[in-house]
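Peer 1: Heads up: the protein sequence lines correspond to chains D and Y, in order.
Numbering-wise (the numbering used here), the first sequence opens with residue 1 and increments by one.
Numbering-wise (the numbering used here), the second sequence opens with residue 1 and increments by one.
One should not assume that every hint holds.
Examples of chain D residues lying across from chain Y (beta carbon under 7 Å, computed) [as the list claims (entries may be wrong)]:
1. 42
2. 43
3. 44
4. 46
5. 101
6. 102
7. 103
These are calculated hints, taken from the structure and not from any lab test.
Just so it is clear, the structure is predicted and the values come from calculations on it, not from any experiment.
Glycine is no exception: its CB is placed at the ideal position from the N, C-alpha and C atoms.
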Amino acid sequence: DAKTTQPTSMDCAEGRAANLPCNHSTISGNEYVYWYRQIHSQGPQYIIHGLKNNETNEMASLIITEDRKSSTLILPHATLRDTAVYYCIVSLSYNTDKLIFGTGTRLQVFP
Amino acid sequence: NAGVTQTPKFQVLKTGQSMTLQCAQDMNHEYMSWYRQDPGMGLRLIHYSVGAGITDQGEVPNGYNVSRSTTEDFPLRLLSAAPSQTSVYFCASSYSDWTGMFNSPLHFGNGTRLTVT
Chain D
1 DAKTTQPTSM DCAEGRAANL PCNHSTISGN EYVYWYRQIH SQGPQYIIHG LKNNETNEMA
61 SLIITEDRKS STLILPHATL RDTAVYYCIV SLSYNTDKLI FGTGTRLQVF P
Chain Y
1 NAGVTQTPKF QVLKTGQSMT LQCAQDMNHE YMSWYRQDPG MGLRLIHYSV GAGITDQGEV
61 PNGYNVSRST TEDFPLRLLS AAPSQTSVYF CASSYSDWTG MFNSPLHFGN GTRLTVT
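Using the sequences and the hints, build the whole thing.
Peer 2: Laid out in structure tokens, this is it:
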């Protein structure tokens, strides 16, 4: 599975959009991009995933570049409860043996 | 709907002791897995199972055993605990159809915090 590169940490003001980048330059054509987050010491929580097209759900939007070498997770109106570690993962499927989480981006939302 | 339930929440062991971390899910998910999380290292896959009776190793399997006798349960056994196994352990599950082509997101439990002294 392809590796991902994310910034170690980011800050965002409450109410503003949080844009979290992820580089995955070695992604293959049939690998998906997934985003999870981990709030404090809880188990990771699924946010969104995509293959080629941009995706949106009730939690976030996912923008994937045309060459698929990078993506951005957008939290449109960040709240204090969005403070968490965000993981970008690429994989062939959810159930492959090598779902590698990495160290993620620590997002701090401030008042 | 309980989701993925892990017990115990906290455990302290002495070096050489054995114990089993329990994981149960009530979503009829075929796929289950165990991760460990250490400071600054993200989550690392220990073992996983694609269905009852089937298990396989992940990135860091040494020192751990698993079995999958039922769809619901996926216990993780430490046969002889070592201080290097001090960590937070997460169990996860997801749905997978028989082809493996359709899968749901991973659902995680809230972890077991293990300290080995």
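Peer 1: Would you mind marking each hint as holding or not holding in the structure?
Peer 2: Results for each hint:
Hint status for residue 42(D): holds, given a least beta-carbon distance of 6 Å to chain Y, under 7 Å. Satisfaction of the interface hint for residue 43(D) is found here, the shortest Cβ-Cβ separation to chain Y being roughly 3 Å, below the 7 Å cut-off. Proximity of residue 44(D) to chain Y holds as hinted, the smallest CB-CB distance being about 5 Å (cut-off 7 Å). For residue 46(D), the suggested interface contact is upheld, since its CB lies about 4 Å from the closest CB of chain Y, less than 7 Å.
Taking 7 Å as the C-beta contact cut-off toward chain Y, the hint placing residue 101(D) at the interface holds, the least distance being around 4 Å. Annotation: residue 102(D) was flagged as interfacial toward chain Y, and the flag holds, the nearest CB pair being 5 Å apart, inside 7 Å. This hint holds: residue 103(D) has a C-beta 5 Å from the nearest C-beta of chain Y, less than the 7 Å allowed.
The structure meets every hint from the earlier list without exception.
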